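The task is simple: from the sequences and hints, build the whole structure.
Residue numbers (the numbering used here), protein chains in the order written: chain A, 35 to 292; chain B, 60 to 343; chain C, 2 to 256.
Note that these hints are calculated values from the structure, not bench results.
Among these hints, one or two may not hold up.
What the hints assert, rightly or not - Incomplete in silico selection of chain C near chain B, CB under 7 Å:
hint	residue
1	V86
2	M94
3	F102
4	P103
5	S105
6	G113
No experiment lies behind these values; they were computed from the predicted model shown.
Backbone N, C-alpha and C fix where the C-beta goes; we use that ideal spot for every residue, glycine too.
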Amino acid sequence: MRTKYSAREIACLLALFLTVLPPLAAVLYIFVQALPGISFEFIFSMPVRRGIEGGILPAIVGTLWLMFGTTLAVLPIGVGAGIYLAEFAPNNRLTRLLEMALVNLAGVPSVVFGLFGYTIFVIMLGFGPSILSASLTLAALTLPLVVTATRWQTVSTIIMPCARTGVVTGTLLALARAAGETAPILITGAAFALPNLPRSFMSRFMALPYHLYISVTQIPAMPPERMWATAGILLFLVLTMQVGATIWREQERRKKQW
Amino acid sequence: MPYQQRLVTLAGYAVLLITALIFVFLVQQSWPFVREHGSLVFFTGDRWLPVSLPPVFQIGGFLVSSGIITGVAIIIGVPFGVLAAISLAELLPPGVSVIFRSIFEVTAGIPSVVFGFLGLKIVAPAVAGLLNLPTGLTGFSAGLVLSIMILPTLVSLSEEALRAVPREYAEASYALGANRWQTIWRVIVPSARGGIGAAVFLAMGRAIGETMTVLMIAGGRLAMPTSIFDPMRPITALIASEVNNAARNSMQYHALFTAGLILFIITFAVNAIAASVIVGKKAR
Amino acid sequence: MVAVQDTKIMLRDVSIYYSALHVIKSVSMSFLDKEITAIIGPSGSGKSTLLRSLNRMNDHIAGMRVEGEANILGSNVYAPTVDVVALRRRVGMVFQKPNPFPKSIYDNVAYGPRLQGQKSKVELDGIVERSLTQAALWHEVKDRLHASGLALSGGQQQRLCIARALAVDPEVLLMDEPASALDPAATAKIEDLMLKLKEHLAVVVVTHNMQQAARVSDYTAFLLGGELVEFDITRKIFTAPTDKRTDDYISGRMG
Ligand SMILES: Nc1ncnc2c1ncn2[C@@H]1O[C@H](COP(=O)(O)OP(=O)(O)O)[C@@H](O)[C@H]1O
Ligand SMILES: [Mg+2]
Chain A
35 MRTKYSAREI ACLLALFLTV LPPLAAVLYI FVQALPGISF EFIFSMPVRR GIEGGILPAI
95 VGTLWLMFGT TLAVLPIGVG AGIYLAEFAP NNRLTRLLEM ALVNLAGVPS VVFGLFGYTI
155 FVIMLGFGPS ILSASLTLAA LTLPLVVTAT RWQTVSTIIM PCARTGVVTG TLLALARAAG
215 ETAPILITGA AFALPNLPRS FMSRFMALPY HLYISVTQIP AMPPERMWAT AGILLFLVLT
275 MQVGATIWRE QERRKKQW
Chain B
60 MPYQQRLVTL AGYAVLLITA LIFVFLVQQS WPFVREHGSL VFFTGDRWLP VSLPPVFQIG
120 GFLVSSGIIT GVAIIIGVPF GVLAAISLAE LLPPGVSVIF RSIFEVTAGI PSVVFGFLGL
180 KIVAPAVAGL LNLPTGLTGF SAGLVLSIMI LPTLVSLSEE ALRAVPREYA EASYALGANR
240 WQTIWRVIVP SARGGIGAAV FLAMGRAIGE TMTVLMIAGG RLAMPTSIFD PMRPITALIA
300 SEVNNAARNS MQYHALFTAG LILFIITFAV NAIAASVIVG KKAR
Chain C
2 MVAVQDTKIM LRDVSIYYSA LHVIKSVSMS FLDKEITAII GPSGSGKSTL LRSLNRMNDH
62 IAGMRVEGEA NILGSNVYAP TVDVVALRRR VGMVFQKPNP FPKSIYDNVA YGPRLQGQKS
122 KVELDGIVER SLTQAALWHE VKDRLHASGL ALSGGQQQRL CIARALAVDP EVLLMDEPAS
182 ALDPAATAKI EDLMLKLKEH LAVVVVTHNM QQAARVSDYT AFLLGGELVE FDITRKIFTA
242 PTDKRTDDYI SGRMG
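Okay, here's the thing in structure tokens:
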């Protein structure tokens with residue numbers, strides 16, 4: 035069937051193009067600008083003179099730690115709650131309250147998660163400013179993502195094999211968020227420049243988004259190509275997982291349709 | 060109950076617990092400030108002098124700034140978002156829609172600090188140049204960037220709402236001699252307005268809570284803004300910029316938590332409106 | 002004495018395919034003005050397909066193909082030059098499941114005229130009252146024209162849909178099992194209404210309720226497996242069918 039479009043419909047399609055254009059252009063622009071600054075040394079060496087020279091290895095490694103810690107913390111609760119909602123939750127007031135809590139948790143501002151994580155993890159539980167505190171904070175933030183993804187693909191009778199696709203999607207989305215969030219880690223342990231790689235979950239840490247934020251706003255001497263390169267590496271890391279999540283889901287969807 | 064079921068039930072309640080805990084801790088940490096300084100002028104005034112003697116804490120200017128920036132984002136974003144959703148749900152063949160939907164899903168993950176960086180480098184200078192302003196770091200610039208950031212939420216939820224409209228309505232419209240656009244505009248969109256409204260509220264909640272972008276490009280001025288082209292500091296930016304410098308358990312520290320509590324309540328209310336539409340629909 | 006009647010629709014050797022599936026097999030028949038023609042037949046025999054081909058409601062189905070000549074209101078509807086929108090205004094349709102828009106009663110009825118550019122409040126008020134009166138609904142709803150159409154009962158909703166179709170002054174009204182979702186009382190009202198409507202226009206009704214066909218229609222067509230087995234005056238079909246298969250069907254010996 036061939037489709038012809040009227041003038042108004044073409045205007046409507048134009049609006050669609052205009053909405054996808056800015057983010058696509060942004061991604062492309064950042065990658066192009068980032069290339070000159072990216073080198074073996076930039077990725078694999080320690081920062082020198084507050085990051086104006088040397089590399090950003092601790093920020094990359096710190097972000098990887100955060101991703102790992104967040105996933106470890108969020109998966110059991112997120113997958114469990116997703117299966118519960120899909121399989122066992124009775125149709126009652128408490129379940130609807132839980133649903134409301136889920137939608138609202140997804141809407142809590144990231145900076146509020148920071149305040150929450152600071153109070154409970156850094157202070158009350160005594161984890162101090164550390165990868166542990168930041169990971170647990172990010173786990174609370176990414177919880178709705180994992181719950182929703184798991185629940186969406188959990189289908190009755192055979193729970194685990196089907197839930198797995200949701201878990202993969204949810205995990206990838208959580209990883210992407212853990213890598214990209216700034217506000218929650220700003221209060222729970224991120225540092226701008228550290229001479230060492232983190233040794234344990236109790237270490238303070240550098241992270242790519244926080245490093246970018248400080249470079250851009252507080253280090254006038256920071257060479258621009260280093261900022262673009264940092265942004266490029268961060269974006270690459272995040273988008274890889276976003277693309278993975280999308281491809282994985284589309285494939286599973288197709289498999290189910292046959 | 061088998062133990063697996065007991066475990067997942069526990070996990071379900073953990074979600075509820077975490078949401079409740081966020082509220083409880085915000086209240087607990089706000090209490091010292093509220094007890095001593097709680098008054099209406101906290102909301103209406105625009106003086107924020109944390110280190111003067113005595114200190115003054117008023118968040119009116121920050122609330123107005125948050126409102127302005129959110130308003131700009133919604134006014135620019137919603138028309139584009141709804142038209143894009145119409146294209147995906149009603150105009151394009153499914154194969155093409157999937158591609159666009161995937162683009163939205165992927166770009167939804169661009170970190171807000173990256174948007175802030177681009178806003179600082181590209182949008183702010185462009186706004187300053189085009190509108191001949193002394194600085195491009197304004198509420199308008201922040202709202203403009205936010206309008207792009209809320210599009211994935213707007214588009215995907217609006218599209219879902221459009222697709223949920225029963226096909227019988229479209230049939231009736233065609234049978235009365237309507238063409239496709241008339242059917243979309245006069246029947247399908249109005250029938251989906253509940254779901255589209257929920258999408259707008261969720262997007263609004265996201266815009267109010269967005270932190271890094273506004274911290275980096277709204278301009279950061281403390282005073283009450285008088286125009287959308289003023290530099291301004293929304294409530295999220297206030298918290299993010301000061302929380303690391305406030306001495307723990309100082310009055311400033313508790314005042315910042317109070318600001319956080321207010322922010323939480325506002326976003327909670329906005330999201331609850333959206334959630335009641337979404338959850339209410341599922342319950343039926 | 003035989004009155005001269007307009008033929009509103011004339012089908013000659015019409016065949017309809019869904020891709021490879023041959024659904025309507027060389028059907029020839031005609032539909033007269035101011036008469037009710039019933040199309041009966043078991044489920045899956047192609048009744049809806051035939052009916053929906055008359056106002057081209059199946060156009061959007063990929064793989065759908067029509068052969069033969071369908072002459073409706075004086076022109077071949079499947080000629081490439083036909084204005085589908087104009088055709089649908091002259092050939093109205095009522096569906097099996099009542100499907101009022103989630104709008105007010107008034108806006109439902111005014112939908113068609115507004116599409117044609119009618120903006121005058123006075124005109125629209127008149128059209129709404131006339132259409133609702135013709136659909137025997139006016140007295141039940143005249144005090145709540147701005148209430149939602151979805152708030153009505155099933156039978157009222159179906160009459161609202163009929164009013165909505167009548168508002169654009171069609172010359173033919175196609176009805177696809179219009180009462181099958183309704184209770185007996187509401188069904189009786191729709192049947193009364195059909196008898197009144199045929200004073201003004203041609204009515205084509207698909208039904209698998211044979212009593213209904215016998216009660217209201219002037220002509221009956223029996224469709225089986227896409228083939229037009231018999232087409233005659235209703236009384237003749239139900240008292241003295243010529244084809245054995247028709248006899249089997251109306252006497253309940255066939256599904
Ligand atoms: N959109 C379609 N695509 C393919 N086949 C269809 C479609 N609609 C109906 N059919 C087939 O055409 C035949 C006639 O259907 P229909 O006209 O709905 O019969 P009836 O209304 O008499 O029950 C059936 O075999 C049905 O499966
Ligand atoms: Mg049928």
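Now the hints, each set against the structure:
Below 7 Å, beta-carbon pairs count as interface contacts, and V86 (chain C) has one with chain B at about 5 Å; its hint therefore holds. At a threshold of 7 Å, the smallest CB-CB gap from M94 (chain C) to chain B is about 4 Å, leaving the interface hint in force. A hinted interface residue such as F102 (chain C) counts as satisfied when its beta carbon comes closer than 7 Å to some beta carbon of chain B; here the least separation is about 6 Å, so the hint holds. At a threshold of 7 Å, the smallest CB-CB gap from P103 (chain C) to chain B is about 5 Å, leaving the interface hint in force.
The beta carbon of S105 (chain C) is not positioned within 7 Å of any beta carbon in chain B (closest approach about 11 Å), and the interface hint is therefore violated. With its C-beta approaching chain B no nearer than about 4 Å, G113 (chain C) sits inside the 7 Å limit, and its interface hint holds.
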